[in-house]
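Peer 1: In the order they appear, the protein sequences are chains P and R. The letter at position 145 of the first sequence is residue 145 when you use this note's numbering, and the numbering goes up by one with no holes. Count along the second sequence starting at 1, add 1000, and that's the number in this note's numbering.
No lab work stands behind these hints, which were simulated from the structure alone. One thing to keep in mind: the hints can contain errors.
Derived DSS-like pairs (lysine-lysine); straight-line CA-CA distance at most 25 angstroms [to be verified]: (1) R:K1285 <-> P:K423; (2) R:K1285 <-> P:K411; (3) P:K182 <-> P:K242; (4) P:K133 <-> R:K1047.
A quick note: this is a predicted structure, and the numbers were derived from the prediction, not measured.
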Amino acid sequence: MGNSRWMAAAVAGWFLVGGVSAFAQDVELTICRPGYPERAKTFLEKALGEFQKTNPGVKFKIVDADWETFQSRIMVWVAGQQEPDIYVSPMQQFVDLAELGAYLPLDQYLDPALKADIPESLWWDMSRFTGGKGKYLSVAAAASTYTLWYNKKILAQAGLTRPPKNWDELVRFGKQIVERTKLPAIGMNAGRPFDTTQLLFGMLYFSGTNRPFVDTQGRAILNSPDAVKAVQFWVDLYQKHKITNSSPEQTSKGDLRLLFQQGKLAMHINNPGLLPTLAKITDLRSPETSTFLIGGPFQPSLSGHRAMNSTDAQQWVISAHTKHPDLAWKVLRYLLEPRWQNEHDRIQGGAPFRASILKSMPIDYAWILKPNAEEASNGLLFSPLIPRSGQFFQVLNKHLVEALLGQAPVKDALDRVAAEVNKLAGL
Amino acid sequence: MSVGRRSLVAFLYLGPSALLLASVFLFPVGDLAWLSVHDAHTAGGVKGFVGWAHYRELLGPEFFHVLRTTAIWVSISTLLSVAVGLVGALLLNRDLSCRGTLRALAFLPWAVPHAMVGVLWRWLAHPQYGLINRTLLLIGLVSEPIGFLSVKYAMATAIAMRVWKGAPFAILAILAGLQAIPPERYEAAAVDGADSWDQFWAITLPGIRGVLATTVLILAIWAVTTFDMLWVLTEGGPLGATEILPIAIYRLAFTAYDAGRGAAIAVVGLGISSGLAMLYYHFSKERIS
């Protein structure tokens, strides 16, 4: 064969290979589990690596981001249709994104086994926000209730053998701790809008009222007489009883976690997400070896009913703009298998909430996580499923801090919140 | 070549650049103004024309509070930056053996990225972990930590941060101005019996008057448009104590997703910055002429 024919054959071969490659091109999905970037990345790399063994041709781009970064970017990403294919949606923007049609409805994909394995309270009917175009837009990724953590050494130093069980004891024990150890008894944060209401405030509010912030129509009910009492109690812990850390309006959730970890705070309300942080400095395998222990929600002395707790939940969603919806669901369903859910819970420090996991899988730190899981049925969702939830928390935080600093009576502050929130909701 | 032809040639050469600048500037400003008269969601598109409604809503105590906070932030941080810059420039203009090292150190804050400045000062001012409080408690100046980021002191702390960041620029600009003053004037004044203070008032200040004016204006424009370091430091709080215009715009547009109202405030902010820019242009023209 002459040179020109060899050349022609080579060129034809090159085009053939290129053409085949184009048809056999790998599919790439973007996935993000915001919150704890390093741990989430570790989990996703492991799980998706296994997925790829049986699904060659699927590539993943893992986007790592903390919550603040993700929340500040997600709207812009959605506007530009650049959001990840699969992600855990931030609660503050959950309904806003649903209203924008950012989520792929999952009704056609959900199987009965999965539905039965996740508590009813974590299946959110979003049809009123989608104009009937989809009922279920998400699947639970994590759920946990808030717990009282305490440092047993500090309590022992104060002459206490157990944590407070009700609000009266919280004040009494708190004063004893402050007097004998010169340390703040309980952490209070009011430095950032969303953070303020999650920890101590949330536990006191929900246990004192047994009601959410807004009703099913989005109307504010956080200025009820019970709510005023609960918030007044919260304010008094700082202003009157002086058993909290100083300057709560400058203190964030992260600051409290650090104080508690360093043994500069006796008690701290948090969810089991604190586990990985504390596990670095103490042996959490049993109550006997651990410096930090847990107590239950405070039973209030004011309303005389069994206290409910505040529950934090996060949900996986699939982007409505994904080019590969069926594949995205296949990947998500894979991540939702009990073995990976258990791994996810373990890495994130989350309490198990799936029936199959609670029934038959080993749970690390069971003495912390099992009571937390049991408490979930007694929980009210902390973040209301309303549009512009971020703005709701800004309004709430603003007036709560006014009350906390003595710039407004609690009732007036809560009435103003209710008025502004109802105006935001168009009610 | 006739004047008309020369002008045409000039336009042809300048035309593409002018077009590019116009598209980069005029189009966004036009879009901003358009958004400000519409009901618009940041990610969800435009819903309808609302006329002056957003601007009318600005005529309320909340927006006036933002304007007042912005005025305090801009005026005090700018004037203090220039004052510190003047003192620093006068010191660095002296014949010192370690002048080079001192100059490098003086300009260091300017090299720190804005967001990092916010993080740094947030830690310095922290009530429990801050270096400032730790030092004050250690030397016994205070018995309780000072709430540097409380409602009472947050703006003062923010201004201190801005001065730390902005003074090096003032030092640089004023130092250049000082070095442009002919030394013979000081020699002549000394011969005539003028002391340092007289020389400062009669020679130094008049000599750097133009530089001072333009430095004030440039720092003021930067202050009006500051977002990053203040957001990192306080997010405009607590209770709006440090909420200036750019933070109010961000909050409306990106947390409340109300692009229309955010755009209305941005138009007001643009007006203020433009006014300052016009003053700067006027002073620059005077100096050149």
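Peer 1: If a hint holds in the structure, say so; if it does not, say that too.
Peer 2: We went through each hint and held it up to the structure:
1. R:K1285 <-> P:K423: Violated. K1285 (chain R) to K423 (chain P) sits at ~51 angstroms, over the 25 angstroms cutoff.
2. R:K1285 <-> P:K411: Roughly 59 angstroms separates the two Cα atoms, so the pair is violated.
3. P:K182 <-> P:K242: 11 angstroms, holds
4. P:K133 <-> R:K1047: Holds - the C-alpha atoms of K1047 (chain R) and K133 (chain P) are around 21 angstroms apart, at most 25 angstroms.
In this structure, the earlier hints numbered 1, 2 are contradicted, and the remaining ones agree with it.
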